[in-house]
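Take a look at the letters that make up each chain.
Number of protein chains: 2
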Amino acid sequence: MTTEERVRKGDVRAAARLMRDIEDGHPSARETLKRLFPNTGHAHIIGITGPPGTGKSTIVDRLIGILRKEGKTIGVLAVDPSSTLTGGAILGDRIRMQRHALDNGVFIRSVATRGHVGGVSRSTRDLVAVLDAMGKDIILIETVGAGQDEVEISHIAHTNVVVIIPGLGDGIQAIKAGILETAAIFVVNKSDLEGADSAVNDIRMLVLLRAADKTDWQPPILKTEAKANTGVVELASAVEQHGEYIKRNRSHEMRQNDLKYSFLNALRDGLFQKALAHLQTDSRMDSIMENLEKRRTDPYTAAEEAIDELLNRKSAP
Amino acid sequence: MTTEERVRKGDVRAAARLMRDIEDGHPSARETLKRLFPNTGHAHIIGITGPPGTGKSTIVDRLIGILRKEGKTIGVLAVDPSSTLTGGAILGDRIRMQRHALDNGVFIRSVATRGHVGGVSRSTRDLVAVLDAMGKDIILIETVGAGQDEVEISHIAHTNVVVIIPGLGDGIQAIKAGILETAAIFVVNKSDLEGADSAVNDIRMLVLLRAADKTDWQPPILKTEAKANTGVVELASAVEQHGEYIKRNRSHEMRQNDLKYSFLNALRDGLFQKALAHLQTDSRMDSIMENLEKRRTDPYTAAEEAIDELLNRKSAP
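Chains as they are written, first to last, in this note's numbering: chain W, 30 to 346; chain G, 30 to 346.
It cannot be assumed that every hint is accurate.
If chains are identical, the list can't say which one is meant, so a pair holds when it fits in one copy or spans any two.
[Claimed, not checked] Here are the simulated lysine-lysine pairs, BS3-like style, with alpha carbons at most 27 Å apart: (1) Lys63 to Lys38; (2) Lys63 to Lys303; (3) Lys289 to Lys303; (4) Lys303 to Lys256; (5) Lys98 to Lys303; (6) Lys323 to Lys289; (7) Lys323 to Lys276; (8) Lys303 to Lys38.
Source of the hints: derived by calculation from the structure; they are not laboratory data.
Excised from the complex, chain W in its bound form (with noise of 0.2 Å):
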């Protein structure tokens, strides 16, 4: 059996070391990208945004459990900025959500973004396509940090879950900053700390000042404990209820989106790689250097000048 139909079976093995090789660049990787493209779009995506220490995890592991329960598959996706030496994912308390590592409708994968320029972003969309194609119903991707991966995985979510907790300071500012006009629903978790209501009406106020939106759904605020399982079955029941508005209202758009991006971040990584290959040819990468070095260039002109030279060549490698 080919790995693209042991993946459409759901099989883990093969979908395991799949993501391996995208992770890894491998070409064969992209090949079978493509045989599982028709199988994939029917996933509800759905992120968990947050600066860290909200809990996140926990919640992740409480809308699996909850989802289950209803029959649903599931897909997880950690997202790490990970170690550039290393290249390894620390898991810590998301060791947590491997009680549903036993269970077959849940497969759970850590990503590493890696710290290469431009890396998170093409390597998730590409695993968010795999627990596609293995026909999970729901995929969470998790990440830590608030910054440009959030922002990134806003864009591959069609269901934008922000997490937030009470007493937070720039936190908040961080949320306003980059993730709240994707934002569907605001969770304050750890509700039972001081300050709660007051971070619901920060948000409120938030989502009123926002840019008027397309679209008529208003982002609840749920609070919850999702520790003590409190508020999490109100969290599921609105994520679903997003899933179904997007569908009913949105589905056309939310497919051209994700074929955009899909089709960009492979263009964008595709030619990167082109060019480097040709730098690493006849030694040119080490003379485009010298010439830095020495001055004789800047950057700018040295990249235009490289680009040129892709362009115009007779035929490609």
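Using the hints, position chain G against chain W.
Chain G only, in chain W's frame:
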């Protein structure tokens, strides 16, 4: 006087306009950057990273005060993962920093990363080049959040200062995961809070565990209470010691890294822009989207075809 002459003389208005043009992707900005390149390569670039709420802005504010007293000129970039819709960066309690705005030796600029695909890296590097060409002795880059932004900035900076606070839980994990190997100095801020010593010990353990380094620099772990002005003089001194260390031992390597990073960024960005311009001619993008939507092709094959098309044309536009 040309823009670059004004920037070289440290003219704030000319520099601010150039930086805006860089962020807007204005073609003239790149030409100016080329002409400014010979004036770059002198500044000590310092990254201040760490999770939200750790007091990075206060630390930057204190460092400015101390370094100014020593007669150093300073440029500050405050990187925000900003709104995709409004494009505006939120300053929040960075406004405190603005008390230095009346000081001619300090130039503070907020950077919106915008959530563009690959948005953070290139413009940040180029904005650093402008501050460098202005003759700033020291450039401080501060970022909100703990994700890909931080990893990018750790590549740009010569001296990476990683800030945490006691009791942060998975905040320490986020550091482990992405920034550890490049950290030159660790700071436990708000060290009056419970758990400061245990945070110091956690970091000490991480430093011991980290992959054997080529260098013999041992990252100090400093306790600060930036709001109360405690420990910040020691921090400024550690920053300067690291600056001297790299000047003595790694100046060639650092310079090569700077040049390579700038070149590859310009290459990746320039290629992608060329590709997008090409796709916009003759409604190529529309027909690709139609083929994708009708599932006549997949995003990977479509990207490969677009790349081949671009590379095999007779001449570049």
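Hints, verified against the model:
1. Lys63 to Lys38: Within one copy, since 17 Å is at most 27 Å while 54 Å is not.
2. Lys63 to Lys303: Both ways: Lys63 and Lys303 sit 19 Å apart in one copy and 25 Å across, limit 27 Å.
3. Lys289 to Lys303: This pair counts as both: shortest intra-copy Cα distance 21 Å, inter-copy 17 Å.
4. Lys303 to Lys256: neither (48 Å within a copy, 50 Å between copies)
5. Lys98 to Lys303: For Lys98 and Lys303, neither the intra-copy (47 Å) nor the inter-copy (50 Å) Cα distance is at most 27 Å.
6. Lys323 to Lys289: Classified as between: cross-chain Cα gap 13 Å, same-chain 42 Å, threshold 27 Å.
7. Lys323 to Lys276: Classified as between: cross-chain Cα gap 18 Å, same-chain 58 Å, threshold 27 Å.
8. Lys303 to Lys38: Intra 34 Å, inter 40 Å, cutoff 27 Å: neither.
When each numbered hint is compared with the structure, violations occur for hints 4, 5 and 8.
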